[in-house]
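Turn these sequences into a full structure, and let the hints guide you.
Residue strings, one per chain:
2 protein chains.
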Amino acid sequence: MGYAALTPDSLPARLGGLEALTGRIGPAAGWKVAEVGDGNLNLVFIVTGEAGAVVVKQALPYIRLVGDSWPLPLNRAFFEYHALVRHAARDAGRVPEVFHFDEEQALIVMRYLSPHVILRKSVVRGVQHGHMARHMGLFLARSLFRGSGLAMGGKALREDMALFCANHALADITENLVFSDPYFDARLNRHTAGLDGFIAPLRADRALRIAAQEMKHAFVAKAETLVHGDLHSGSLMVTAEDTQVIDPEFAIYGPFGFDVGMFLANILLGYFSQSGHEAASGARDGYRAYLLAQFSEVWAEFAAEFGRLWRSERTGLLYERSLFQDAGDAAGAEAALVAVLRGIWTDAMGFCGVELHRRILGLAHVEDMEAIADPARRWPCEARALEAGRIIAVMRHGLAVGDVAALVQDVERSVAR
Amino acid sequence: MGYAALTPDSLPARLGGLEALTGRIGPAAGWKVAEVGDGNLNLVFIVTGEAGAVVVKQALPYIRLVGDSWPLPLNRAFFEYHALVRHAARDAGRVPEVFHFDEEQALIVMRYLSPHVILRKSVVRGVQHGHMARHMGLFLARSLFRGSGLAMGGKALREDMALFCANHALADITENLVFSDPYFDARLNRHTAGLDGFIAPLRADRALRIAAQEMKHAFVAKAETLVHGDLHSGSLMVTAEDTQVIDPEFAIYGPFGFDVGMFLANILLGYFSQSGHEAASGARDGYRAYLLAQFSEVWAEFAAEFGRLWRSERTGLLYERSLFQDAGDAAGAEAALVAVLRGIWTDAMGFCGVELHRRILGLAHVEDMEAIADPARRWPCEARALEAGRIIAVMRHGLAVGDVAALVQDVERSVAR
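Quick note, the sequences are listed as chains A and B, same order. Count the first sequence with the UniProt record's numbering and you get residues 1 to 417, in order. Count the second sequence with the UniProt record's numbering and you get residues 1 to 417, in order.
Where hints are given, some of them may not hold.
To be verified - Far from chain A, some chain B residues (derived; all Cβ distances over 10 Å):
no. : residue
1   : Ala4
2   : Ile46
3   : Gly67
4   : His277
5   : Ala280
6   : Arg284
7   : Leu309
Unchecked claim - Taking CB as the label site, the calculated pair distances span:
no. : chain 1 : residue 1 : chain 2 : residue 2 : range
8   : B       : Ala5      : A       : Asp326    : 37 to 45 Å
9   : B       : Ala207    : A       : Gly93     : 35 to 43 Å
10  : A       : Gly153    : B       : Gly398    : 30 to 38 Å
11  : A       : Glu50     : B       : Pro61     : 57 to 65 Å
12  : A       : Leu65     : B       : Ala207    : 43 to 51 Å
13  : B       : Asp242    : A       : Leu407    : 51 to 59 Å
14  : A       : Gly328    : B       : Ala89     : 43 to 51 Å
15  : A       : Asn40     : B       : Asp242    : 50 to 58 Å
16  : B       : Arg308    : A       : Gly328    : 48 to 56 Å
17  : A       : Arg125    : B       : Ala207    : 45 to 53 Å
18  : A       : Gly153    : B       : Ala240    : 42 to 50 Å
19  : B       : Gly26     : A       : Val85     : 55 to 63 Å
20  : B       : Ala207    : A       : Pro71     : 48 to 56 Å
Said to hold, decoys possible - Listed below are several chain A residues computed to face chain B (Cβ distance under 8 Å; list not exhaustive):
no. : residue
21  : Gly149
22  : Gly154
23  : Met161
24  : Ala162
25  : Ser180
26  : Arg209
27  : Ile210
28  : Gln213
29  : Lys216
30  : His217
31  : Glu224
32  : Leu317
33  : Leu318
34  : Ser322
35  : Ala335
36  : Ala339
By construction, these hints were calculated from the structure, which means they are not laboratory data. Glycine included, each C-beta is placed from N, C-alpha and C at the ideal position.
Spelled out as structure tokens, the structure:
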């Protein structure tokens, strides 16, 4: 049979013969199926049997958020599967285990994460996760370093790049919704009433529009490594101890700084949303400080692990040891590392800035802000995120890592007050 | 039958049934075949019949320069064919017309260029070609702009990128021979006796080694457009009026600046070789001035045409008009163009510097220098090219277009004197 979308009713009959499931959760006769997808694109089922549970994720031939008027190829499940396999190999245990993949049905059966929660929901509630920042710094460094020409030869790199080039339909979404739509009056945009006074000057800012297009150019043409492609706080499932990275269906070859910057932006979205969630002014001060510490810690862990891999696993075609260590110039490799990390940071801040904008002005918003029910409380939070993003993107070349916390605190104190 | 290398004797029997040939040059019974390949990689036949002549180029399964100890895939003919087709569409009349392509035989039948000569031979002889610089500036701008995300949508761009990713074997040659081998004692290197005193400090220059690896990183990971990949003065056939670009078998997605910088470097190699060719000191002063003017004119024509295309054909996914012209900020698009051209120039100078080095220290040298029979006359020419390349690569971020001529003249006057 060809592709057909699953339903809770049809799922046991259609997947009940798979040893990958029955061997793990028991016979289909005892299965309970719940559809829990709250994302923008797919069907997600939790299938519980007598011996356990698994998740079944199936792509739909359109964007769920918009409806069947916006078709989207099913092969995104293929890219998600291939990204999950690579992520598992590059940072063991940080992505859910895959039990079964069916390309025709665009369907992945994977580990049911429990008692994990989506990180973004914790940020809205003000809940801390003590290991998340370290886990994410390590994941970013390991997945990005090991997927690049720093660790891979040219043949393997270009063959993998060709495979993921075919994921252009999902890249197209990013290209339009992230880098362009927020900066003009695009059809799919929406924003909170009250923000207009901030949007007009932002769109009039020529340096910002150029910066956004420079970041789009980098996203399109800087094929440095396999990026997750959609790494935000809704793509992380966390407990007090564990962090799991999910949903890499946007995976494509892109810049080192892309995942880093998008993820850091989502920490800042959480930061700027806090004044919309706190019971009284200042009640979330501690959580704000925690989020800024998370921002710094993700980068610090990333940079430290990237440096460790640079020293121990730089076996690819770039910055070869024959030109540095083997030539008696180990310090030269350290100098090159400083420059590479500086380039990643600069790109990351460019992506961070545009992500702050598109989550407030574009189609896909974030629960951090959407959960603030009163628009009159929401728009000032969003205005601050817009202003911070504008400064960060435009000033990315001169911005030091330590500058961001002070900048963000100043914007929080002074904008829309 | 499977692949078999042609010989002058077997060619008429094997290709005599092709209407693409017989319709053009007459029946095979009257053909004369001469093998004329003097390149590094392939067989090249001129096939002359009663009604005309064509060129038959066939890939060999190894590198001709080295022998069958270095295998190289036949599919490079496939990439050459696809690059020729794209170049013809992007800059009409600047590449030889293709009459027939046989993928299995790795064979392309194309226009016989006559009375064209290889540009490099003219440079050795001191012969000027009044239209070459303008033709090349236009070719570079048109082929690179129209092959990029400035002119193409994301789907077309990524599909084409995937196709050329498979040309990794030829990219691997560039990656090793251009960016790495010259900077350490690699097995395939060779250089003129007398140069040692210049090589040791060059290889000890940490900033240069880092610059070379930054350019390698750009070559590998900056997939901005389809580049020719091997654009030097041996890849141009010229007359007094015409310029033809040949041999794009190294075609791959790479940085805008790659072809530009490699080609400009070869003009400088010609410049530094003149003192080895002139009958008396200063006899080629006029030709030296001509070459420096060519350098400037290639860039000026490139930048002017790139700007014209930027204004008239910017229909791709980058720097969309909706964000600039349509938003009432046409000047913003001009500002972005300045930044893009500055980035291309900077990359081009990085590639220019490493090309100057690898043509003197690596495996593949150039006739400009090799034709200087006396090593005692040759090495000072080469030493000057090495020093100029080192300054250009390391200082590329701060180098203005107008700086290069003065720099090169100063090196010519002061180094190895």
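Okay, the hints, checked on the actual structure:
no.	hint	result
1	Ala4	holds, 27 Å
2	Ile46	holds, 34 Å
3	Gly67	holds, 22 Å
4	His277	holds, 34 Å
5	Ala280	holds, 42 Å
6	Arg284	holds, 36 Å
7	Leu309	holds, 16 Å
8	B:Ala5 - A:Asp326: 37 to 45 Å	holds, 39 Å
9	B:Ala207 - A:Gly93: 35 to 43 Å	holds, 41 Å
10	A:Gly153 - B:Gly398: 30 to 38 Å	holds, 34 Å
11	A:Glu50 - B:Pro61: 57 to 65 Å	holds, 60 Å
12	A:Leu65 - B:Ala207: 43 to 51 Å	holds, 50 Å
13	B:Asp242 - A:Leu407: 51 to 59 Å	holds, 58 Å
14	A:Gly328 - B:Ala89: 43 to 51 Å	holds, 50 Å
15	A:Asn40 - B:Asp242: 50 to 58 Å	holds, 56 Å
16	B:Arg308 - A:Gly328: 48 to 56 Å	holds, 50 Å
17	A:Arg125 - B:Ala207: 45 to 53 Å	holds, 51 Å
18	A:Gly153 - B:Ala240: 42 to 50 Å	holds, 46 Å
19	B:Gly26 - A:Val85: 55 to 63 Å	holds, 58 Å
20	B:Ala207 - A:Pro71: 48 to 56 Å	holds, 51 Å
21	Gly149	holds, 5 Å
22	Gly154	holds, 5 Å
23	Met161	holds, 5 Å
24	Ala162	holds, 4 Å
25	Ser180	holds, 6 Å
26	Arg209	holds, 5 Å
27	Ile210	holds, 5 Å
28	Gln213	holds, 5 Å
29	Lys216	holds, 6 Å
30	His217	holds, 5 Å
31	Glu224	holds, 4 Å
32	Leu317	holds, 6 Å
33	Leu318	holds, 5 Å
34	Ser322	holds, 5 Å
35	Ala335	holds, 6 Å
36	Ala339	holds, 7 Å
In summary, the structure agrees with every hint in the numbered list given earlier.
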